[in-house]
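Number of protein chains: 2
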Amino acid sequence: MVTLPTPAEARAVRRTLRGTVGLVPTMGALHRGHISLIARAAEQCDVVAVSIFVNPLQFGDPEDIAHYPRTLEADLAVCAEAGAHVVFAPTVSEMYPAWPDPPATAVSVRGLTENWEGASRPGHFDGVATVVAKLLIQCTPDFAMFGEKDYQQLKVVNQMANDLDLPVTIIGLPTVREKDGLAMSSRNAYLTVAERMAAPMLYRVLKECAGKIGRGQLLPRVLDEGGAALERAGFMLDYLEARNAETLATIDRVDKGSVRLLAAARLGRTRLIDNVAV
Amino acid sequence: MVTLPTPAEARAVRRTLRGTVGLVPTMGALHRGHISLIARAAEQCDVVAVSIFVNPLQFGDPEDIAHYPRTLEADLAVCAEAGAHVVFAPTVSEMYPAWPDPPATAVSVRGLTENWEGASRPGHFDGVATVVAKLLIQCTPDFAMFGEKDYQQLKVVNQMANDLDLPVTIIGLPTVREKDGLAMSSRNAYLTVAERMAAPMLYRVLKECAGKIGRGQLLPRVLDEGGAALERAGFMLDYLEARNAETLATIDRVDKGSVRLLAAARLGRTRLIDNVAV
Chain A
13 MVTLPTPAEA RAVRRTLRGT VGLVPTMGAL HRGHISLIAR AAEQCDVVAV SIFVNPLQFG
73 DPEDIAHYPR TLEADLAVCA EAGAHVVFAP TVSEMYPAWP DPPATAVSVR GLTENWEGAS
133 RPGHFDGVAT VVAKLLIQCT PDFAMFGEKD YQQLKVVNQM ANDLDLPVTI IGLPTVREKD
193 GLAMSSRNAY LTVAERMAAP MLYRVLKECA GKIGRGQLLP RVLDEGGAAL ERAGFMLDYL
253 EARNAETLAT IDRVDKGSVR LLAAARLGRT RLIDNVAV
Chain B
13 MVTLPTPAEA RAVRRTLRGT VGLVPTMGAL HRGHISLIAR AAEQCDVVAV SIFVNPLQFG
73 DPEDIAHYPR TLEADLAVCA EAGAHVVFAP TVSEMYPAWP DPPATAVSVR GLTENWEGAS
133 RPGHFDGVAT VVAKLLIQCT PDFAMFGEKD YQQLKVVNQM ANDLDLPVTI IGLPTVREKD
193 GLAMSSRNAY LTVAERMAAP MLYRVLKECA GKIGRGQLLP RVLDEGGAAL ERAGFMLDYL
253 EARNAETLAT IDRVDKGSVR LLAAARLGRT RLIDNVAV
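Same order as they appear, the protein sequences are chains A and B.
Residue numbering for the first sequence is 13 to 290, as defined by my numbering.
Residue numbering for the second sequence is 13 to 290, as defined by my numbering.
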């Protein structure tokens, strides 16, 4: 496995590669969710690249980025084990030469970014769209793998790649979960023991809501009950919504397979997000 | 010469090309200024591509775009004559599938775009940065040629290409002028006979100002006198400013070669811009 520390090296190596390239963009602190993305890329592509970059542009809260877990040595071992051929791990100043000033150029996606994570975390999706555009331009993969756990992000990245004509197919892959259903996330490490015990309730409530909606119960009532169940379990609810699975637009009626339930809620200081298909 | 009407065809042909590719992005209505860009690309690159696309995203005023000159047949002849190998002429719906809705994704450049053309034409540079990013991604040229006449645009495009790590070198080339000094522009066609006679005064005043600054006269006074001269000649002055030639930042003192004089002024209904080095 080759480790590339600069965008120039990433580009130079990319030029030597033949066959299909799959990129798995990550912020490190790799877990089984990332491993499933790398494994899928290895199945589908001749060459698998993993980028590891904790992107300061997508963090609103300076404290959040200061505490974000950084485990580069372990991550490199995970990448090698999972079948990656190349790891691209640039520094902040290589990605954003003027940092701590943000780059002058921003990529932003209207519409899809207005609600939920976009509303809760101002500037977050501009940071995501900008860094993913840069990574896709630097590495020019044929495929890029993203987890469905960050469902809104997956849709934003897909829209951005289409709108800018980037020659890549964005692949969304199912969320990987702990045995008790909690979605794998680097942020799970922040949970206290008690919070960790309560955390799987987010997925359980989403599944229950999806089941009720599937059985024809009325949407507003199902969502109200789901929200109440989460608050009883100790969550501070941020949102719990049913949306069109492709466009994230509001829905008039429920058609099977076309609806996605999206939720975010805080347990103590940790904000968890999750989503399920109806 | 090959004419490519769609981004997919542009990408497919690009993949077959070996050697260096130079792109000259235009909005058509080609004049000697464009020809000089194409000729320079032909000197420097193995393959010369010209894009012809009247980009609706960079026009604020619907009337302006409705009246923008469209001369595709003549333009194709000019391209062939000037040495182009490929012309990329997509339709609006191929570039922006949701049009008349703008694309969800925008590329924007802060700082450089705040003043002058950015202030006079809100949204203009977002439209320029977005379409040029798309063209550079679709055609992936090694070099892209822009005229210095649109000096602020040249700086914005260069910043965008650097910030997004697009694998292209942006080349700025000197403004081509009529015998009487008027900068070549597709918009010159809008001038009445009387306005056309007055128009070269813009360049003459810029040159006079540059001369005075070079001889050590004080900047504010030189610019005041230049503005007054333009208004006496029938111009409605929009701006006349001296700026750092690279960053467009305000300047404390005048160093030779590092200062650019930028001006925009209206003659009747037509807005003219021009700039000179000091």
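Calculated from the structure, these hints are not laboratory results.
One or more of the hints may lead you astray.
Taking beta-carbon pairs under 7 angstroms as the criterion, some of the chain B residues facing chain A (in silico) [to be verified]:
1. T15
2. T18
3. P19
4. P115
5. V121
6. R122
7. M172
Everything numeric in this text was worked out from a predicted model, so none of it was measured.
Yeah, the Cβ is synthetic: ideal placement off N, Cα and C, and Gly gets one too.
Status of each hint after checking the structure:
| no. | hint | verdict |
| --- | --- | --- |
| 1 | T15 | violated, 19 angstroms |
| 2 | T18 | violated, 11 angstroms |
| 3 | P19 | holds, 6 angstroms |
| 4 | P115 | holds, 5 angstroms |
| 5 | V121 | holds, 5 angstroms |
| 6 | R122 | holds, 5 angstroms |
| 7 | M172 | holds, 5 angstroms |
Of the numbered hints stated above, those contradicted by the structure are hints 1 and 2, listed in ascending order.
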